[in-house]
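Protein chains: 2
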Amino acid sequence: MVSPLHQKLGSKLAGLIRAGTFPCGARFPSIRHTSREHRVSISTVMEAYRHLEDEGLIVAKPRSGYYVAPPKITADRFPTTITKSSKPIRIERASIFETVMATQGDPAYVPFSTAAPDDGIVPHSKLAAITREVMRKHGSEALRYTPPLGRRELRAALSRRLFDTGLKVAPDEIVTTQGGTEALLLALRATAQSGDLVAVETPSYFGILHLVRDLGLRVIEIPADPRGGLVVGALESALKKHRIAACVVQPHFQNPIGSVMPEANKKALAALADEYGFTIIEDDVYGDLGHDGSRQPSIANYGERVIHLGSVSKTIAPGLRVGWLVPGAHLDEIRRLKCIQCPWNGTLSELVVAGFLDAGGYDRHLRRIRGLYAAQCARTRDAVLRHFPDWTRVNQPAGGFVLWVEMPDGFDSEGFTRAALDRGISISPGTIFSASCGLNHCFRLSCGFAFGDRTLEAIATLGKLAPHYLP
Amino acid sequence: MVSPLHQKLGSKLAGLIRAGTFPCGARFPSIRHTSREHRVSISTVMEAYRHLEDEGLIVAKPRSGYYVAPPKITADRFPTTITKSSKPIRIERASIFETVMATQGDPAYVPFSTAAPDDGIVPHSKLAAITREVMRKHGSEALRYTPPLGRRELRAALSRRLFDTGLKVAPDEIVTTQGGTEALLLALRATAQSGDLVAVETPSYFGILHLVRDLGLRVIEIPADPRGGLVVGALESALKKHRIAACVVQPHFQNPIGSVMPEANKKALAALADEYGFTIIEDDVYGDLGHDGSRQPSIANYGERVIHLGSVSKTIAPGLRVGWLVPGAHLDEIRRLKCIQCPWNGTLSELVVAGFLDAGGYDRHLRRIRGLYAAQCARTRDAVLRHFPDWTRVNQPAGGFVLWVEMPDGFDSEGFTRAALDRGISISPGTIFSASCGLNHCFRLSCGFAFGDRTLEAIATLGKLAPHYLP
Chain H
30 MVSPLHQKLG SKLAGLIRAG TFPCGARFPS IRHTSREHRV SISTVMEAYR
80 HLEDEGLIVA KPRSGYYVAP PKITADRFPT TITKSSKPIR IERASIFETV
130 MATQGDPAYV PFSTAAPDDG IVPHSKLAAI TREVMRKHGS EALRYTPPLG
180 RRELRAALSR RLFDTGLKVA PDEIVTTQGG TEALLLALRA TAQSGDLVAV
230 ETPSYFGILH LVRDLGLRVI EIPADPRGGL VVGALESALK KHRIAACVVQ
280 PHFQNPIGSV MPEANKKALA ALADEYGFTI IEDDVYGDLG HDGSRQPSIA
330 NYGERVIHLG SVSKTIAPGL RVGWLVPGAH LDEIRRLKCI QCPWNGTLSE
380 LVVAGFLDAG GYDRHLRRIR GLYAAQCART RDAVLRHFPD WTRVNQPAGG
430 FVLWVEMPDG FDSEGFTRAA LDRGISISPG TIFSASCGLN HCFRLSCGFA
480 FGDRTLEAIA TLGKLAPHYL P
Chain Z
30 MVSPLHQKLG SKLAGLIRAG TFPCGARFPS IRHTSREHRV SISTVMEAYR
80 HLEDEGLIVA KPRSGYYVAP PKITADRFPT TITKSSKPIR IERASIFETV
130 MATQGDPAYV PFSTAAPDDG IVPHSKLAAI TREVMRKHGS EALRYTPPLG
180 RRELRAALSR RLFDTGLKVA PDEIVTTQGG TEALLLALRA TAQSGDLVAV
230 ETPSYFGILH LVRDLGLRVI EIPADPRGGL VVGALESALK KHRIAACVVQ
280 PHFQNPIGSV MPEANKKALA ALADEYGFTI IEDDVYGDLG HDGSRQPSIA
330 NYGERVIHLG SVSKTIAPGL RVGWLVPGAH LDEIRRLKCI QCPWNGTLSE
380 LVVAGFLDAG GYDRHLRRIR GLYAAQCART RDAVLRHFPD WTRVNQPAGG
430 FVLWVEMPDG FDSEGFTRAA LDRGISISPG TIFSASCGLN HCFRLSCGFA
480 FGDRTLEAIA TLGKLAPHYL P
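Sequences listed follow chains H and Z, in order.
Position in the first sequence (from 1) plus 29 gives the number in our numbering.
Position in the second sequence (from 1) plus 29 gives the number in our numbering.
There could be a bad hint or two in this list.
Repeated chains share a single entry, so a pair holds when one copy, or any two copies, can fit it.
Unchecked claim - Below are the DMTMM-like pairs computed for lysine to aspartate or glutamate, each with C-alpha atoms no more than 20 angstroms apart in a straight line:
id: 1; residue 1: Lys296; residue 2: Asp243
id: 2; residue 1: Lys166; residue 2: Asp147
id: 3; residue 1: Lys296; residue 2: Glu333
id: 4; residue 1: Lys90; residue 2: Asp147
id: 5; residue 1: Lys166; residue 2: Asp148
id: 6; residue 1: Lys166; residue 2: Asp303
id: 7; residue 1: Lys116; residue 2: Asp148
id: 8; residue 1: Lys270; residue 2: Asp225
id: 9; residue 1: Lys493; residue 2: Asp482
id: 10; residue 1: Lys41; residue 2: Glu362
id: 11; residue 1: Lys41; residue 2: Glu486
id: 12; residue 1: Lys270; residue 2: Asp438
Quick caveat, the hints were computed from the structure, so don't treat them as lab data.
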């Protein structure tokens, strides 16, 4: 049976949308234009377009024409919360980790595994100009040892920026570090001793898990929901059974699930910290990257037992190695530890970041990169939904730049990752985000770099590969 | 009784020399000039000058005139080797340490406690020019994450520089770090586990002791001689009784005693490492600063069990935070540890240092600063010998820029330090260089900064204070 002309046209156009010829948000050819170019009647095109609208592929905007729609977000396409009975464990390290890491910075791979800003995000010219100015203005001082807490210019600039998160801290209540990882290490060391139990989110940024493991700490995995982040009730259940020294949480645009903790959950978490006497280590490295420009408040607004930390690696430039801690009650201890293990920071870097935060147009820069990150996430997500099988679930982050993709139970993301690497595509399997090497049915896609044909093609390749890794 | 005219003149001139009016090495007024200015006869001046020569205050150079002599160095003015029975201990931390550290970078203090290059040492203009060039040439790449071992440009430049120490290492056998302290930490972590025994020199740079203590290691103190460094025989005795995991040694211009290990001792140490199966951690941060320009060979020339490390903090600029390790057999382990605790370095800093080492005139720069450091050491030493009591002993370093001052047994350098701080002079008491808080009869004077009236006056003040801290 021959299908009617409008069906043929409709499926041809749907194919072009799925292939990325007409990407999400782009203007779709007008009815008149399609009629002329494809030599079909206006009514046939109208019929075909109505089908495309019904399928959710295009939308009509009054007095403007047709546009390619974002993929339909039905609630059941969002990743689920992984719940399991939590008990204290020693962290296992996924053996595939080194294999994935070896591809970092290698231009031979499409870098979906690199949670770093692309060159187009980093404000290079501005930083070059500030660097020149700092070298001129500060002279040799820009090359001396930093004082124990870090350069005051930077701490003062940070105290002004942190005001937006609701934190009211003086410059001398901030300790600067050589990047966020050092800040995390200091926070963990100040709050937990070897053998102590630390609560971590599942899934969690692998750098947190590696540090915790390296310090000889045990962990208890607390589920994190792709919408609301840390499941506070699950933490409470764990606290009833175990003494927990610290809980590491990324409340805003969590890596890898992109979740945001609602205010009520932050309050509940802070209350638990008071009740059970543990420290919340709030890793807020993505906090400035809300796609709508709003700034989420720090958990420290709701309680005293919080160490807040951040870095410029995702917002300004990772190569500067500038991070910080607001240690609260742990100020003296963190200062002491900092003086032992890494007493000084990069002076030039600290002065450059201070200059950029204070007078370099950081807010304008943030507006620009939030838009870029949002667009890169949306286009990658769009491509995943179009090219992966229907059973694929993917989050829709409100900030940051990582996508968390969940496949049916039994999917082998490590095997899938190896196959992807063979095809020049680097992704991060779910196991590296789990203290117990679980989550093998999930993987993370970073969208820190510009979306283009190469990315789209890579997603299409991954989408075709995926079904082979079902059980 | 009235003393003869030539004696009056002689003691007046001697006073001016001791006060620094005519500093060590300076041309002394000619006989004719002094005769005219002081309205005394030529023969009286000649008689006075002969007395000054006899006292070792001035020397005559043929066809050139008189010069202010360096203070007489008699063998018994050199500090002694502290020998004591060594047994494994847990490191104690001198409580005065924080007090001294709090003065770092504070312009209110004469900075004899700061082992850092002065602004006049740091090649600011050159580094500013290289920074501009790096930002221009590398663009955003200069602000990306570094790869796991550090930027290849820096490792390549270091492999060429290390050739002068006799080390033949490929760039990929070098791991760069954020300064020397991180390199030390990695070397210790790769070779010793909590509870293990590590041999340290006595006295030793306090940063080494703090790291060792922080890692939960025990130490055994091995005497270091102000001339020949680590007393290898004492280490051998300790090895016969104890299993030692690693021995940390600064073979060249040791901080704080300025010692240099003779080749025979290096060979003997390397042989012991083979025989007893421990690792030598060779901290060579001062190695490029030999005052005569010669480069001492690494201990790694004499054996396999060596981790060599260095930094640019004393030679180029501390604020850049660039250090490195040649881990030898420990390459994989150090790489693994580095990836966990501090996976990235400052990219811009690494590229700037690579540029300076390769094409920035590092050798010319070294010639200049070796001369400055040598002169600053000599003038400070000179002032100490002139203004301190006769029982004061002080080393004469052949490189680097630290002086080690030894007072009679029972001298209280901590009390002396507190009194000096009250007078705006910051020095480092001996106790902070000892794992057992011993060496209270010694102190360290750093000469990293330009010598001038303020320094001279400070030394004179210290010289007058010193006798009050005898038992």
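Tested hints:
no.: 1; hint: Lys296 - Asp243; in the structure: neither (31 angstroms within a copy, 36 angstroms between copies)
no.: 2; hint: Lys166 - Asp147; in the structure: between (30 angstroms within a copy, 18 angstroms between copies)
no.: 3; hint: Lys296 - Glu333; in the structure: within (11 angstroms within a copy, 57 angstroms between copies)
no.: 4; hint: Lys90 - Asp147; in the structure: neither (33 angstroms within a copy, 67 angstroms between copies)
no.: 5; hint: Lys166 - Asp148; in the structure: between (27 angstroms within a copy, 14 angstroms between copies)
no.: 6; hint: Lys166 - Asp303; in the structure: neither (46 angstroms within a copy, 53 angstroms between copies)
no.: 7; hint: Lys116 - Asp148; in the structure: neither (42 angstroms within a copy, 56 angstroms between copies)
no.: 8; hint: Lys270 - Asp225; in the structure: within (14 angstroms within a copy, 35 angstroms between copies)
no.: 9; hint: Lys493 - Asp482; in the structure: within (17 angstroms within a copy, 78 angstroms between copies)
no.: 10; hint: Lys41 - Glu362; in the structure: neither (65 angstroms within a copy, 56 angstroms between copies)
no.: 11; hint: Lys41 - Glu486; in the structure: within (19 angstroms within a copy, 90 angstroms between copies)
no.: 12; hint: Lys270 - Asp438; in the structure: neither (29 angstroms within a copy, 58 angstroms between copies)
Hints 1, 4, 6, 7, 10, 12 from the list above are not met by this structure, while the remaining hints are.
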